[in-house]
Amino acid sequence: MAAYRHMLVSAALVLLVSTYVTAKDEDADEGITVETIEEEEDYQSPQVDPKRVFLSEHFDDEAAFKKKWIKSEAKKQGVDENIAKYDGKWEIQTPARRILKNDLGLVLTTEAKHAAISALLDRPFEFKDKPLVVQYEVTMQEGQNCGGAYIKLLSKGVNTKADLRQFHDQTPYTIMFGPDKCGNDNKLHFIFRHKNPKNGTIEEKHAKKPTQRLDDIYKDKEPHLYTLVVRPDNTFTILVDNKEANSGSLLEDFTPPINPPKEIEDPDDKKPNDWDEREKIVDPTASKPDDWDEKEPAQIIDPNAVKPDGWLDNEPDMIPDPEATKPEDWDEEMDGVWEAPLVDNPLCTAAPGCGEWKPPTIPNPSYKGIWRAPLIPNPNYKGKWSPRLIPNPHYFNDEHPFRMTPIHAVGFELWSMSPQLLFDNLIITDEVAVAEHWALQSYALKRAKINSDAESAVERMLKYAGENPWVYAVVIIGSFIFVGLIAYLCCGPSTVADTDAEVKKTDALVDDDPHQSEGEGEAELEGEGGDDEQDKPSKADLEGPEQAADSTDTTPLVDTEGAGDGQRKRKPRKE
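Each residue of the sequence shown is one higher than the one before, counting from 2 in my numbering.
No lab work stands behind these hints: they were computed from the structure.
Hints are supplied without guarantee of correctness; some may be wrong.
As the list claims (entries may be wrong) - List of simulated lysine-lysine pairs, PhoX-like, C-alpha gap at most 25 Å:
{"hint": "1", "residue 1": "K90", "residue 2": "K244"}
{"hint": "2", "residue 1": "K206", "residue 2": "K129"}
{"hint": "3", "residue 1": "K72", "residue 2": "K129"}
{"hint": "4", "residue 1": "K86", "residue 2": "K114"}
{"hint": "5", "residue 1": "K210", "residue 2": "K76"}
{"hint": "6", "residue 1": "K209", "residue 2": "K77"}
{"hint": "7", "residue 1": "K209", "residue 2": "K69"}
{"hint": "8", "residue 1": "K308", "residue 2": "K327"}
{"hint": "9", "residue 1": "K52", "residue 2": "K76"}
{"hint": "10", "residue 1": "K196", "residue 2": "K296"}
{"hint": "11", "residue 1": "K222", "residue 2": "K206"}
{"hint": "12", "residue 1": "K77", "residue 2": "K102"}
{"hint": "13", "residue 1": "K76", "residue 2": "K131"}
{"hint": "14", "residue 1": "K67", "residue 2": "K90"}
{"hint": "15", "residue 1": "K450", "residue 2": "K464"}
{"hint": "16", "residue 1": "K67", "residue 2": "K209"}
{"hint": "17", "residue 1": "K196", "residue 2": "K222"}
{"hint": "18", "residue 1": "K271", "residue 2": "K281"}
{"hint": "19", "residue 1": "K90", "residue 2": "K196"}
{"hint": "20", "residue 1": "K289", "residue 2": "K263"}
{"hint": "21", "residue 1": "K157", "residue 2": "K196"}
{"hint": "22", "residue 1": "K209", "residue 2": "K162"}
{"hint": "23", "residue 1": "K196", "residue 2": "K220"}
{"hint": "24", "residue 1": "K102", "residue 2": "K76"}
{"hint": "25", "residue 1": "K244", "residue 2": "K188"}
{"hint": "26", "residue 1": "K188", "residue 2": "K162"}
{"hint": "27", "residue 1": "K206", "residue 2": "K244"}
{"hint": "28", "residue 1": "K131", "residue 2": "K296"}
{"hint": "29", "residue 1": "K86", "residue 2": "K196"}
{"hint": "30", "residue 1": "K131", "residue 2": "K77"}
{"hint": "31", "residue 1": "K206", "residue 2": "K271"}
{"hint": "32", "residue 1": "K114", "residue 2": "K52"}
Said to hold, decoys possible - Simulated restraints, written as ranges between beta carbons of each label pair:
{"hint": "33", "residue 1": "R232", "residue 2": "E280", "range": "44 to 54 Å"}
{"hint": "34", "residue 1": "G467", "residue 2": "E223", "range": "38 to 48 Å"}
{"hint": "35", "residue 1": "P290", "residue 2": "E266", "range": "18 to 28 Å"}
{"hint": "36", "residue 1": "N274", "residue 2": "M418", "range": "50 to 60 Å"}
{"hint": "37", "residue 1": "L252", "residue 2": "K52", "range": "48 to 58 Å"}
Just so you know, these numbers come straight off a predicted model, no measurement behind them.
C-beta atoms are modelled at their ideal positions from N, C-alpha and C, and glycine is treated no differently.
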């Protein structure tokens, strides 16, 4: 029986373990990405056809970075001279959390300093018949309390490296895009500078806020991918980690709107003096009724009230606590005369009340309050006055706001209260597929490695079970078998134990009793064959000679329930 139980337990364990091993083997056979990416593998910088991009920068080549990117030597306008200089530090560094070997990024290492850096595009981007696609990664390695991580696409006119050295907050840009946070105010900027086709003035247009809050990107310290797509049909889409965060129309979803209204209120129009905007007025013909008494109070004493029987007029509601004692350290000169604290009067508990009885008040049936004349429609009402509308002298209708000022350069011009902002894998193109492929070679590998590191064995099993529902059936059946075996082992019948128990209870003999001695057997058989009760030897007579003959036997005595007087000595059990 014991061997059979061990066999069943082993079979159940083999079933459960084999299910997990099969899951791991099939994961390996299917080539799941998260299982194949290892930190030891050398990371290859993303590659792209230069003819299909206007700028691609992975920041993995520090020598090439120093030739292309220029740190600003300008001063920020409109701030104190002590903090106006762009002296924030930019460095090419390995990420603080190493995800892919040999992967580097551009890091703003300082905090509470203005910092600006920029680079010329390989060729200018002109807004014609192809979309603008801007994509880059940001890792807030120490989170973000207050500061931005947005990018500026600098307008035509920034043409040389000398211009880049003078890059500052007032440098004209065409688009500003990216995350920005201060306190609880989280933003994902998309701002473009629109040129008025009528007078040439420039005005910033701000996209509507995203429909969802993006709190995690500022505190999880992980890389996040920001993508902006602006199309020739005047639509735009913003993606965060390849998921849509905002979208809309340049014509409809920006503030202030692209096109001004056709008509505006006449600033010279004035409201006439006799213009009555009152919809209702007091009835001039109404008068207070003669029986209207404004002196009647709202509440009066109930004339029908009667003091309840048992009311204790001379008992206060509160009395000094009779059990209270003055503290030993009480100094009356310093603390004043000590008074016991007040407690509820116990006599008032059973009584209707204590103290002076006063009848309750009730609403006064004669009360009418202050008389006021009723309101009636105003016969002179003309409605709410508003100035007349006139044609807007500044009106224009720009049906193609996509045609923005050409872009010649790109830069980061930032202030951050949190250091170690890391930027990586910037690309500007006019093909969405190119940006997607660029991300597959960079961001997707990081995200897969992060997910792989975060997944425990249990999570991988659950993922596999979700893809293969039959695993749930196997696990459920195996669990029932395992629980059943445990219950059987703990509570199931035991033949040997039951036999021993029966012997202990009755002291009767059984076939092949391993505990029976020869002397005991013979004695009991003789006892059964005699008819005279007086000739029957007692148990003491039977056991006495054996004990005397074997005085050196060290076999312990076993006390058996219901076995009569004394103790019975048994031979040790042989297995």
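Going down the list of hints, with the structure as the test:
For the given pair, K90 sits about 32 Å from K244 by alpha-carbon distance, which is inconsistent with the 25 Å threshold. For the hint pairing K206 with K129, the CA-to-CA distance comes to about 20 Å; that is within 25 Å, so the pair holds. Among the hinted pairs, K72 with K129 is inconsistent with the structure: their alpha-carbon atoms are about 31 Å apart, more than 25 Å. About 8 Å separates the Cα atoms of K86 and K114, which keeps this hinted pair within 25 Å; it holds.
Taking the CA atoms of K210 and K76, the gap is near 31 Å; set against the 25 Å cutoff, the hint is violated. Pair hint K209 plus K77 does not hold up; C-alpha atoms about 28 Å apart against a cutoff of 25 Å. Restraint check: the Cα-Cα separation between K209 and K69 comes to about 34 Å, which exceeds 25 Å; the hinted pair is violated. Restraint check for K308 and K327: the C-alpha separation of about 39 Å exceeds 25 Å, so the hint is violated.
Of the pairs offered as hints, the one joining K52 and K76 is violated, with about 36 Å between alpha carbons and a cut-off of 25 Å exceeded. Note on K196 and K296: the hinted pairing is violated, with a Cα-Cα distance of about 72 Å set against a maximum of 25 Å. Restraint check for K222 and K206: the C-alpha separation of about 30 Å exceeds 25 Å, so the hint is violated. Note on K77 and K102: the hinted pairing is violated, with a Cα-Cα distance of about 37 Å set against a maximum of 25 Å.
Between K76 and K131 the alpha-carbon distance is near 36 Å, which puts this suggested pair outside the 25 Å criterion. Taking the CA atoms of K67 and K90, the gap is near 14 Å; set against the 25 Å cutoff, the hint holds. Taken as a hint, the K450 and K464 pair is honoured in the structure, with Cα atoms around 16 Å apart against an allowance of 25 Å. This hinted pair does not check out: K67 and K209 have alpha carbons roughly 37 Å apart, beyond 25 Å.
Annotation: proposed proximity of K196 to K222 is violated, straight-line Cα distance about 38 Å (limit 25 Å). Restraint check for K271 and K281: satisfied, since their Cα atoms lie roughly 23 Å apart, inside the 25 Å limit. About 34 Å separates the Cα atoms of K90 and K196, which puts this hinted pair outside 25 Å; it is violated. Between K289 and K263 the CA atoms are separated by roughly 54 Å; this puts the pair beyond 25 Å, and the hint is violated.
As the CA atoms of K157 and K196 are separated by approximately 13 Å, the hinted pair is consistent with the 25 Å bound. Note on K209 and K162: the hinted pairing is violated, with a Cα-Cα distance of about 34 Å set against a maximum of 25 Å. Restraint check for K196 and K220: the C-alpha separation of about 37 Å exceeds 25 Å, so the hint is violated. Under the criterion of a C-alpha separation no larger than 25 Å, the hint pairing K102 with K76 is inconsistent with the structure, at around 37 Å.
The hinted pair formed by K244 and K188 meets the criterion: a straight-line CA distance of about 16 Å does not exceed 25 Å. A distance of roughly 31 Å separates the Cα atoms of K188 and K162; the hinted pair therefore is violated under the 25 Å criterion. For the hint pairing K206 with K244, the CA-to-CA distance comes to about 24 Å; that is within 25 Å, so the pair holds. About 83 Å separates the Cα atoms of K131 and K296, which puts this hinted pair outside 25 Å; it is violated.
Our distance criterion of 25 Å between C-alpha atoms is broken by K86 and K196, whose separation comes to about 30 Å. Restraint check for K131 and K77: the C-alpha separation of about 35 Å exceeds 25 Å, so the hint is violated. Simply put, K206 and K271 have alpha-carbon atoms about 33 Å apart, too far for the 25 Å limit, and the pair is violated. Taken as a hint, the K114 and K52 pair is broken in the structure, with Cα atoms around 37 Å apart against an allowance of 25 Å.
Range check, R232 to E280: about 50 Å between beta-carbon atoms, so the 44 to 54 Å window is met. The hint said 38 to 48 Å for the Cβ distance between G467 and E223, and at roughly 24 Å that hint is violated. Distance hint check: the CB atoms of P290 and E266 are about 48 Å apart, inconsistent with the given range 18 to 28 Å. Under the hint 50 to 60 Å, the C-beta atoms of N274 and M418, about 57 Å apart, fit the expected range.
The given range of 48 to 58 Å is broken by L252 and K52, whose C-beta atoms sit roughly 32 Å from each other.
Consistency with the previously given hints fails for numbers 1, 3, 5, 6, 7, 8, 9, 10, 11, 12, 13, 16, 17, 19, 20, 22, 23, 24, 26, 28, 29, 30, 31, 32, 34, 35 and 37, ordered from lowest to highest.
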